[in-house]
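Given only the sequences and the hints, what does the whole structure look like? Please build it.
Note that the protein sequences, when read in sequence, are chains A and B.
End of the first sequence = 313 in the numbering used here, gap-free, step of one.
End of the second sequence = 329 in the numbering used here, gap-free, step of one.
Read the hints as simulated data drawn from the structure, not as lab findings.
Bear in mind the structure is a predicted one, so any value in this text is a computation, not a measurement.
Beta carbons are placed, not taken as given, at the ideal position from N, Cα and C, and that holds for glycine.
Among the hints, erroneous ones may be present.
Label pairs and their calculated CB-CB ranges [claimed, not checked]:
(1) B/LYS56 - A/VAL215: 20 to 28 Å
(2) A/ALA165 - B/GLU110: 57 to 65 Å
(3) A/LEU40 - B/LEU234: 17 to 25 Å
Residues from chain B that keep clear of chain A, each with C-beta distances beyond 10 Å, as calculated [to be verified]:
(4) PRO73
(5) GLN76
(6) THR80
(7) HIS99
(8) TYR174
(9) THR183
(10) LEU244
(11) LEU246
Not close to chain A: a few residues of chain B, all C-beta gaps over 12 Å, as computed [said to hold, decoys possible]:
(12) PHE69
(13) PHE103
(14) VAL106
(15) ALA112
(16) PRO113
(17) VAL126
(18) THR167
(19) PRO186
(20) ASN190
(21) TYR192
(22) GLU263
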Amino acid sequence: MTETTRPTGPALDPGGLEPRRRPRLPDLGPLPWIGPALLLIFGVVLWPAFEMLRTSFLDISMSGLAKGFTGLDNYQRLFADPDLPGIMIRTLVWVVVVVGVTILVSLGLAALLNAAFPGRRLVRWALIVPWAASVVMTATVWRWMLDGFYGIVNRMLYDLGILATPVNDWLGDPGSAFYWLMFVAIFVSLPFTTYVLLAGLQSIPQDIYEAARVDGASGWRSYQSITLPLLRPALLVAAIINMINVFNQFPIIWAMTKGGPGSLTDTTTTHMYKLAFQLADVGQSAAMAVVNFAVILLFVLLYLRIVDWRRA
Amino acid sequence: MRSAGAGLRAPSIRKALLTGLGALVAFFFMAPYIQMLITALTPSKELYTVPAQYLPSHLEFFNFVSVWEKAPLWGYLRSSLIISVFATLLVLLVAMPAAYYTARYRYRGRLLFLLLVLITQMFAPTALVIGIYREFVTIGDTFPPAGINTYLSLILVNAAFNLAFSTWIMVAYFSTIPVELEEAASIDGASRLGVLRRITLPLALPGIITATIFTFIAAWNEFVVALTLAQSPDIHPLTVGVTTFIGQYRVEWQYLFTSSLIAIVPVVILFIVIEKWLVGGLTAGSIK
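In structure tokens:
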């Protein structure tokens with residue numbers, strides 16, 4: 002790149018804006034404009050990332066003091082933990098199921114919100130509530146609704162005849178707890194994904210559908226051959242952002258089960274948090290965080306490969 | 042909407058079906074918050090009944106008064122406001138010039154900067170929380186006002202992690218404003234700042250408002266960093282503060298949800314304000 006700070010190209014040349022007769026300030030180029038942003042990114046995003054990587058190779062005492070490098074010791078202890086394979090598999094299920102179901106349901110919701118009907122605006126507003134509300138608070142109310150004795154979900158399922166007694170400890174039983182955690186994760190992921198897909202739907206010009214109708218294609222046929230292909234970029238963005246968010250999801254699990262009973266509803270993210278702030282093993286926690294990073298990167302790259310992103 | 046022949050009935054049946062479906066969807070997404078409101082208005086002695094009651098015998102509106110004495114709610118509210126307002130201001134102050142310059146000029150390293158912004162968007166604070174904690178412990182050793190357990194640390198983290206989205210969306214908005222408009226104004230004698238103030242900023246306003254509200258809400262709802270960095274209760278924001286109603290053996294659900302609603306209602310209203318720009322903004326911000 003040989004470009005300088007000088008504006009180029011006729012369409013982008015704001016040269017006429019420069020008051021030429023006035024004395025000019027020394028030309029610092031883009032620094033005064035983007036410098037503060039760089040400072041914030043390097044100081045508060047990249048520094049912790051580097052610090053985390055460094056910590057994963059350090060021997061950190063219980064009180065947080067670094068006692069020198071230990072090579073791969075933290076990683077060895079991390080992978081020696083017999084709980085880890087279960088946590089890893091659960092994390093994989095967590096990401097695939099939550100993102101997959103979210104995308105499928107969002108396609109339907111976006112189509113509904115793109116159609117014209119009375120009260121559509123109110124439905125859109127309702128969809129915004131879980132997006133705007135704090136996830137911890139949403140997860141907490143689900144925990145209350147799923148309470149084994151006093152929860153409204155038990156009462157409803159009992160009234161519908163699905164449960165034989167109105168008492169069922171959904172979140173205390175690791176078998177059902179994880180399903181409910183995934184349900185709540187889907188619940189809070191749907192609004193954003195739906196809105197991204199809705200944005201994608203609204204960018205499709207209507208005359209394409211007109212043309213298709215002239216050719217005799219409508220309904221499911223035109224959805225399959227027009228809407229879905231044109232929705233690819235929006236789907237790609239929605240899926241990737243969703244993957245990163247769902248993988249890093251912490252408040253839902255923390256508020257509803259704290260990863261329990263035992264570590265049976267932990268994902269690698271809550272496991273990482275527990276290692277540092279409950280078990281005071283900062284080195285091993287940092288190693289977990291680095292592994293998480295590698296895994297999410299792998300997830301995204303694998304996904305891009307599967308969907309063949311260049312075609313999008 | 043079929044063409045001729047289908048008559049008037051078909052579209053109206055379709056509309057009725059869609060409306061019914063829409064009502065179901067709206068109810069599904071509102072249900073937990075309706076339950077929140079019902080619980081918040083339930084007298085404390087009726088909370089623990091088996092099986093659960095759909096509605097309490099009477100609504101206890103007084104819960105919304107007594108909650109202020111049950112926990113330092115004013116303190117939580119003040120902390121949430123301080124953190125979110127200053128993080129938002131910092132983001133605007135930092136992102137606006139960067140976005141404007143990046144939208145207008147082809148400078149060396151422009152692509153690198155955009156790439157850096159994109160990468161930041163992939164870094165979630167949760168994934169970096171160990172690093173963030175250790176960084177601010179280190180900073181606090183030499184400069185205590187920005188160490189852990191300070192507002193400043195929380196403001197900086199919230200600003201930094203929301204910078205990417207705001208920059209990205211504002212670059213998109215600034216790019217849509219034709220340079221000719223700015224040139225015309227400056228030929229008419231407006232100063233550089235005058236052009237920015239009277240032409241550029243008003244035209245980019247939807248993008249700026251979207252970025253502002255998004256950052257504010259994200260900071261308002263942030264949980265894991267506050268849980269980790271804010272150790273003394275007097276700087277706890279609402280998200281962390283309301284969890285104090287969850288005791289070891291007993292949870293004061295009615296107060297937990299009155300305070301949750303106090304936290305949720307304002308941001309839902311803010312979000313609805315930007316709803317009409319949201320669809321366009323998301324396209325501009327991420328798809329293009």
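Hint by hint, here is what the structure shows:
With their beta carbons about 25 Å apart, B/LYS56 and A/VAL215 fall inside the hinted range of 20 to 28 Å. Under the hint 57 to 65 Å, the C-beta atoms of A/ALA165 and B/GLU110, about 42 Å apart, miss the expected range. At roughly 23 Å, the beta-carbon separation of A/LEU40 and B/LEU234 lies within the given 17 to 25 Å, and the hint holds. Not every beta carbon of chain A lies more than 10 Å from that of B/PRO73, the smallest distance being close to 5 Å; the non-interface claim is violated.
Listed as outside the interface, B/GLN76 is inconsistent with that label: its C-beta sits roughly 6 Å from the nearest C-beta of chain A, within the 10 Å cut-off. Distance check on B/THR80: its Cβ comes as close as 7 Å (rounded) to a Cβ of chain A, failing to clear the 10 Å threshold; non-interface status is violated. With a least beta-carbon separation of about 18 Å from chain A, B/HIS99 lies farther than 10 Å from that chain, consistent with its non-interface assignment. With a cut of 10 Å on Cβ distances, B/TYR174 falls inside the contact zone with chain A, its closest approach being about 8 Å.
Distance check on B/THR183: its Cβ is at least 14 Å (rounded) from any Cβ of chain A, clearing the 10 Å threshold; non-interface status holds. The beta carbon of B/LEU244 sits about 14 Å from the closest Cβ of chain A, which is more than 10 Å, so the claim that it is off the interface holds. Even its closest Cβ contact with chain A, about 19 Å, leaves B/LEU246 beyond 10 Å, as expected for a residue assigned away from the interface. Its closest Cβ contact with chain A, about 8 Å, brings B/PHE69 to no more than 12 Å, contrary to its assignment away from the interface.
Every C-beta of chain A lies more than 12 Å from that of B/PHE103, the closest at about 20 Å, which supports listing it as non-interface. With 12 Å as the threshold on Cβ separation, the claim that B/VAL106 sits away from chain A holds: the shortest Cβ distance comes to roughly 20 Å. Separation of B/ALA112 from chain A is adequate, the least Cβ-Cβ distance of about 14 Å exceeding the 12 Å criterion. The claim that B/PRO113 is not at the interface with chain A holds, since no C-beta of that chain comes within 12 Å of its own (minimum 18 Å).
Under the 12 Å C-beta cut-off, the non-interface status given to B/VAL126 relative to chain A holds; the minimum distance is some 17 Å. For B/THR167, the condition that its CB be more than 12 Å from all CB atoms of chain A is violated, with the nearest at approximately 4 Å. With a minimum CB-CB distance of about 15 Å to chain A, B/PRO186 clears the 12 Å threshold, and the non-interface call stands. At roughly 14 Å from the closest C-beta of chain A, the C-beta of B/ASN190 stays outside 12 Å, upholding its exclusion from the interface.
Every CB of chain A is more than 12 Å from the CB of B/TYR192 (nearest about 15 Å), matching its label as outside the interface. Here B/GLU263 does not stay apart from chain A, with its beta-carbon only about 9 Å from theirs, under the 12 Å limit.
The structure fails hints 2, 4, 5, 6, 8, 12, 18, 22 (numbered hints given earlier, in ascending order).
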